[in-house]
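Novice: Here is how the chains run, residue by residue.
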Amino acid sequence: MTSLRPSPAPPLVEPDIRARLRAFVEENFLYMRPDFVLRDEDRLLERGVIDSMGVVEMITFIEDEFGVKTADDEISEANLGTLAAIAAFVSNKRNSANA
Amino acid sequence: MCGIAGIGLAQGTGVEVKTLSRMAAAIRHRGPDGYGFYADQRVGLAHVRLSIVDVAGGAQPLTNETGNVVVTFNGEVYNHLELRRQLEARGHVFKTRCDTEVLVHGYEEWGPQLLSRLNGQFAFAIYDAAAQTIFLARDRFGVRPLFYAVRDEALYFASEVKALFASGEVDATPDPVALDEVFTFWAPRAPRSGFAGVAALEPGTYAMWRDGSLRVHRYYELGFCDHDLEPADAIERLDALMRSGVELRMRADVPVGAYLSGGLDSSITATLAAAASPHQLRSFSITFDDPRFDESQFQRDVAAVVGSSHSVASMGATTIADSFPDVIWHTEIPIVRTAPAPMFHLARLTKACGIKVVLTGEGADELFLGYDLFKEVSVRRFCLRRPESSVRRKLFGRLYPYLDAPGATGGEFWQRYFLDAGDCADPVFSHLPRFALTSWIKGFYSPDFAASLDQTDVISELRDSLPERYHSWSPLNKAAYLEMTLLLASYLLSSQGDRMAMAHGVEGRFPFLDHRLFEFSAALPTSSRLRGLKEKEILRRWAKHILQGETVARRKQPYRAPDAASFFGRGTPSYVLDLLSEDSIRRSGLWSHKAVTGLVRRCASGRAATFRENQALVGILSTQLWMHRFVESAASNATLDPKHADVLLQDAAPSLP
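Line by line, the protein sequences are chains A and B. Counting from 1322, one number per residue, gives the positions in the first sequence under our numbering. Counting from 6, one number per residue, gives the positions in the second sequence under our numbering.
Think of the hints as simulated: they come from the structure by calculation, not from any bench. Just to be clear, a hint being listed does not mean it is correct.
Here are the computed lysine-lysine pairs in the DSS-like style, where the Cα-Cα straight-line distance is at most 30 Å [unchecked claim]: (1) B:Lys399 with A:Lys1390; (2) B:Lys399 with B:Lys539; (3) A:Lys1390 with A:Lys1414; (4) B:Lys100 with B:Lys23; (5) B:Lys23 with A:Lys1414; (6) B:Lys356 with B:Lys648.
Derived CB-CB ranges, DEER-like [to be verified]: (7) A:Asp1385 with B:Glu555: 19 to 29 Å; (8) B:Ser314 with A:Gly1388: 51 to 61 Å; (9) A:Asp1394 with B:Arg560: 22 to 32 Å; (10) A:Ser1397 with B:Arg606: 24 to 34 Å; (11) B:Arg397 with A:Ala1399: 36 to 46 Å; (12) A:Arg1343 with B:Arg536: 12 to 22 Å; (13) B:Asp453 with A:Asp1394: 41 to 51 Å; (14) B:Cys358 with A:Ser1397: 33 to 43 Å; (15) B:Arg397 with A:Arg1368: 17 to 27 Å; (16) A:Ala1418 with B:Ser395: 20 to 30 Å; (17) B:Glu466 with A:Gly1388: 27 to 37 Å; (18) B:Ala639 with A:Pro1336: 57 to 67 Å; (19) A:Gly1388 with B:Thr602: 30 to 40 Å.
Just so you know, these numbers come straight off a predicted model, no measurement behind them. Built from N, CA and C at the ideal position, the CB exists for glycine as well.
Chain A with its partners taken away, still in its complex shape:
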């Protein structure tokens, strides 16, 4: 008799993370600007996509969606300034947690 084990969920890769982040940002921060073109490298604060309070919402989303906790000293433009930066930050945190 062979035991049935669930197949492991495919690991999240950066493009998937980026896509989910984009969907979150579009639904929650760009709903009033349907024609707004947001590139992965666009600075979210500078382009008026999120403000400092919106960053808190983003941090909560990252934790709920990807299980990634953000320390106070990690709340920076380098980690959370663009979609690409956030995706890399999340990916790195997940990888280091799984290592």
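Please arrange chain B on chain A, whose structure you already have, making use of the hints.
Specialist: Frame of chain A; chain B shown alone:
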């Protein structure tokens, strides 16, 4: 305190009392104790009275000895006893004890120069029958409102815009630029009102109507001196001015109460009022079920020390939403915060307790640099001198400590928000972060509405309008000037002040807005007002002598009320969903319905946590209410029966209705 209205005709075709009575009925809430009319071939005046001084004898309109100078007056002249003595010495004969009467005799004696002699809060109209002129005037800081419209060479004026509409001669047409100012500065800049062709008389100005044309003149300028040294007798002078300012404002023939927020400013006014009152002081506060906004413990502590009989207006989960339509009826302009709504309830409670005059602490934050905005200006300038300094940037973490958003107010994003807000050389540098935050609402404009504003840049208009002397002032004095002209007169004293109190026939009095105190504060070094990041420094230094230590040392807690949560917390009133529905949004034409639907979804799910979304929700909802109540509905046709008027002066005017 009262309400006034009137009409001036270029041709002597006769003013109808019926028209005046409709105008008066529209603002009856301002003066429930009586009303009166004057009408002749060219001019009509109406008055609704809240009797405070000379209760028995102060009915209006009121005339001089010969009956050819007639006044309708809203407000108080606190130094009327002193002016009366001067006028009696010059031969004028008074027939009442009322402060109103110094206006008619003072105008006869001094003409428009009368205004510089008045210590008070006022908006009034004087008809000089001999000269065939109407003289309209408004106090220095804009405590009392006055609006006017000119149609076919006829002048219509009133304390509130709804009375102009009730005349039947003035239409309620939205002014797109005024709305754009609301969504930048929080309120239109006078002379703009919210309506096209309706002007607000600017604070510190008067207007003269003659032969079908109106000319506006400024009689008072806000000025600042950038002195380096505080005068040696500054504390003694502040003490004398504060006591005199309160004592003058206790002059009334009815009991005077006090609003208590629990902060420094209202604690000062309540303490001095209690000392000057012949009765036990009645005090009134707002409490919130939501502990993030509630200051009831501080209020109770101050009331206990002052010895006042204290009453509270409690804001439950639905209180603000339930009254918001009435609030917008009285503000007559969209708003981006719900903060006026609790003031509406506070006035209702005050009136129910039998008090119709209250002292309040407004003005102290402008005069003594109490707002966080002033600290923000200092920190931004300090950091922009060395933007690479991470140590300097940490100061941003000390701004707005009351915000309940851990992680949002200390980090790099918070710092960047301020650092990127604008250049120090910009004349309106101080207010650029606020303008940017508020302007986020404009992302919800419909394409058509946005296109109608294509050529409009209200911030550039503001820059261009600043007086020459402004550019020589220090950054903090520039910020204080902007705060007084943009927010104090147009929003705090209006939407949150006069309109909410007078909705229930309650008069607010403002000891900190005594012009002598303003002139004293404006000549102090800014370091006496904001020392480092310690606000209202000289006021605290002085207040140690009259208040207990804890109140003096307590950091400023801004008055706030729940915004989006008021409408999407425990149940959403049907009017909210109706007015924010696709049909209603399309009908008003101002907003993108898809964007509003997205915002409503965010609010309903409790995720609209950011300032800008809260402001957007309140701004859009209040605009929809405003459109519904003023633009899409017919003006009131109610009248006050002239047969029951306290005063009915007619000179060959058309017959009564």
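Novice: None of the hints should be skipped; say for each whether it holds.
Specialist: Hint-by-hint comparison with the structure:
1. Distance check on the hinted pair: lysine 399 (chain B) and lysine 1390 (chain A) sit about 23 Å apart at the alpha-carbon level, within 30 Å; holds.
2. At most 30 Å may separate the alpha-carbon atoms for a hinted pair to count; lysine 399 (chain B) and lysine 539 (chain B) meet this at roughly 17 Å.
3. As the CA atoms of lysine 1390 (chain A) and lysine 1414 (chain A) are separated by approximately 8 Å, the hinted pair is consistent with the 30 Å bound.
4. For the suggested pair lysine 100 (chain B) and lysine 23 (chain B), the alpha carbons sit about 29 Å apart, so the restraint of at most 30 Å is met.
5. For the hint linking lysine 23 (chain B) to lysine 1414 (chain A), the alpha-carbon distance of about 76 Å lies beyond 30 Å, and the restraint is violated.
6. For the given pair, lysine 356 (chain B) sits about 27 Å from lysine 648 (chain B) by alpha-carbon distance, which is consistent with the 30 Å threshold.
7. Evaluation of the 19 to 29 Å hint for aspartate 1385 (chain A) and glutamate 555 (chain B) yields a failure: the beta carbon distance comes to about 41 Å.
8. The hint said 51 to 61 Å for the Cβ distance between serine 314 (chain B) and glycine 1388 (chain A), and at roughly 57 Å that hint holds.
9. For aspartate 1394 (chain A) and arginine 560 (chain B), the Cβ-Cβ distance of about 27 Å falls inside the hinted range of 22 to 32 Å, so the restraint holds.
10. Checked against the hint of 24 to 34 Å, the pair serine 1397 (chain A) and arginine 606 (chain B) passes, with Cβ atoms roughly 31 Å apart.
11. Between arginine 397 (chain B) and alanine 1399 (chain A), the C-beta spacing of about 20 Å breaks the proposed range 36 to 46 Å.
12. Taking the beta carbon of each, arginine 1343 (chain A) and arginine 536 (chain B) are about 48 Å apart, not inside 12 to 22 Å as hinted.
13. Between aspartate 453 (chain B) and aspartate 1394 (chain A) the beta carbon distance is about 47 Å. The supplied range of 41 to 51 Å therefore holds.
14. Checked against the given bound of 33 to 43 Å, the beta carbons of cysteine 358 (chain B) and serine 1397 (chain A), roughly 54 Å apart, lie outside it.
15. Checking the proposed 17 to 27 Å range against arginine 397 (chain B) and arginine 1368 (chain A) shows it holds: the Cβ atoms sit about 26 Å from each other.
16. The given range of 20 to 30 Å is respected by alanine 1418 (chain A) and serine 395 (chain B), whose C-beta atoms sit roughly 29 Å from each other.
17. Between glutamate 466 (chain B) and glycine 1388 (chain A) the beta carbons are some 51 Å apart, a value that contradicts the proposed interval 27 to 37 Å.
18. For alanine 639 (chain B) and proline 1336 (chain A), the Cβ-Cβ distance of about 59 Å falls inside the hinted range of 57 to 67 Å, so the restraint holds.
19. At roughly 32 Å, the beta carbons of glycine 1388 (chain A) and threonine 602 (chain B) sit within the given window of 30 to 40 Å.
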